[in-house]
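> One letter stands for each residue in the lines below.
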Amino acid sequence: MTADGLLRGGEVTPSESFSALLRSRGLDPHWTAPGGGEVEAPEGTTVLAFRFADGVVMAGDRRATAGNVIAHHHMKKVFPADGYSAVAISGTAGIATELIKLFQTELEHYEKLEGHRLSLEGKANYLAAMIRRQLPMAFQGLVVIPLFCGFDEQEGVGRLYSYDVVGGRYEEIDYTSTGSGGRDARLFLRGAFQDDMDETAAIQLAVGALVAAAEEDTATGGPDLRRGIYPNVVIVTEGGYREVEEQLIAEAARTALEAQS
Amino acid sequence: MTMPFYVPPEQMMKDRAEFARKGIARGRSIVAVEYVDGILLLGENPSGALNKIGEVYDRIGFAGVGKYNEFESLRVAGIRHADLKGYSYARADVTAKGLANAYSQTLGHVFTQEVKPYEVEIMLAEVGQTAADSGLFRVTYDGTLYDERGVGAIGGQDEALREALVEKYEGGASLATVLGWATESFQAVTEREIQVSEWEGAVLDRTLGRRTFRRLAEADFEG
Chain P
1 MTADGLLRGG EVTPSESFSA LLRSRGLDPH WTAPGGGEVE APEGTTVLAF
51 RFADGVVMAG DRRATAGNVI AHHHMKKVFP ADGYSAVAIS GTAGIATELI
101 KLFQTELEHY EKLEGHRLSL EGKANYLAAM IRRQLPMAFQ GLVVIPLFCG
151 FDEQEGVGRL YSYDVVGGRY EEIDYTSTGS GGRDARLFLR GAFQDDMDET
201 AAIQLAVGAL VAAAEEDTAT GGPDLRRGIY PNVVIVTEGG YREVEEQLIA
251 EAARTALEAQ S
Chain Y
1001 MTMPFYVPPE QMMKDRAEFA RKGIARGRSI VAVEYVDGIL LLGENPSGAL
1051 NKIGEVYDRI GFAGVGKYNE FESLRVAGIR HADLKGYSYA RADVTAKGLA
1101 NAYSQTLGHV FTQEVKPYEV EIMLAEVGQT AADSGLFRVT YDGTLYDERG
1151 VGAIGGQDEA LREALVEKYE GGASLATVLG WATESFQAVT EREIQVSEWE
1201 GAVLDRTLGR RTFRRLAEAD FEG
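Going line by line, the protein sequences match chains P and Y.
Oh and the first sequence: position 69 is 69 in my numbering, straight run, nothing missing.
For any residue, its number in my numbering is found by taking its place in the second sequence, counting from 1, and adding 1000.
It should be emphasised that the hints constitute simulated quantities derived from the structure, not laboratory data.
All C-beta atoms, glycine included, are put in the ideal place defined by N, C-alpha and C.
Take every hint as true, because none was put in to throw you off.
Below, in silico cross-link-like pairs of lysine-lysine (DSSO-like), each with a Cα-Cα straight-line distance of 30 Å or less: (1) Y:Lys1097 with Y:Lys1014; (2) P:Lys101 with P:Lys76; (3) Y:Lys1085 with Y:Lys1097; (4) Y:Lys1022 with Y:Lys1067; (5) P:Lys101 with Y:Lys1085; (6) P:Lys101 with Y:Lys1097; (7) Y:Lys1085 with P:Lys76; (8) Y:Lys1116 with Y:Lys1097; (9) Y:Lys1168 with Y:Lys1097.
Here are some chain Y residues pointing at chain P (derived, C-beta under 7 Å): (10) Glu1055; (11) Ile1079; (12) Arg1080; (13) Asp1083.
With these hints in hand, go ahead and build the complete structure from the sequences.
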């Protein structure tokens, strides 16, 4: 780093955006696909989120597929976006994980520069803009669709957001899901969702919906008791983001599998 | 055509240093003290909105004294540098030593090349996995870089504060204890009583997880 290197950013990069900083240095992640070709990249599948008494729950299965092949058995699709929100991904895994990393850095960068976090809606809108920029890649078949949820610190409630391929952002009331098994998970949620569930019931419902999706959709991985692979479940409440311990998820998975058979 | 007067370089550097020192001497000091779980950064700051202490990265904190707009632009530059590096490589590759070197280069360059030197002094604190890996770096207005151990101070009364703290300092003390040492030293050196609301304090605490930075609340001072 040269002498003026440290200060140059202050003059040429506008605002507190980390992406703008990356662009100004030519380091922003971009994918350019020549038209006509077909790429078979691993895809992440089913993720879901819903409201419960203390906040929101988000969960995802662990499978990534490439065509009819299982590409990864224990992929992680649910991540903390910052201390008070979570983001989950479905679609082209390689692009999605890079976008998540950028989104996380962006939120932390803003928080450090400004001294406070973005509002929950601000975070949701920023994610929508990131997805919108991916539209050319979606035309090449490399689609990324996230889910976003978090605890609104100003209003004191949990909120959920779903997205579409063009970057449309929709606030959901009770529950939402996406990915290849998203439809099956949503059907399960529609039947079993209740207002004001406690945390234990919420974890059970999240795992149950994923088990139901795995039953109908080959691209969704169910709990694998033999190898100890369980869905990821995270919770965001007034106390912030927290990952549910694997042992609790394993118990919920066993209960869900028994209920099904 | 008017000819500029010749100024010998010795005189020019002396004038610049004096100018910068005068600006810094007007500012209130900040101290850094290591405690059992991390590092305390404490200063006197009646403004609740304009911070002198801030988070740079997971394990790195920043403190600046002198002209606000100048150390603020250095703080922002440091965060950009750290986030870029951590994003491009890995989070573990961002170190206080690397940042301190970049600050040292920048301030040294500004001191000799720009119209006016920066009237600032900055401190970078890094909390390690163990006390032995922690570090304090102090960078002065001319880019000189100092590596400190246990106790550090910047600003107008840095010498007196450092002396007062070194006398009290022992490794492995609790946060409440080092906070007591620091507030006592400030009040002894400034010869007045400082209200709880006038402190600005933060810790880098290795028990807090990935992001170790936490601002102190008034309750921390009363405990």
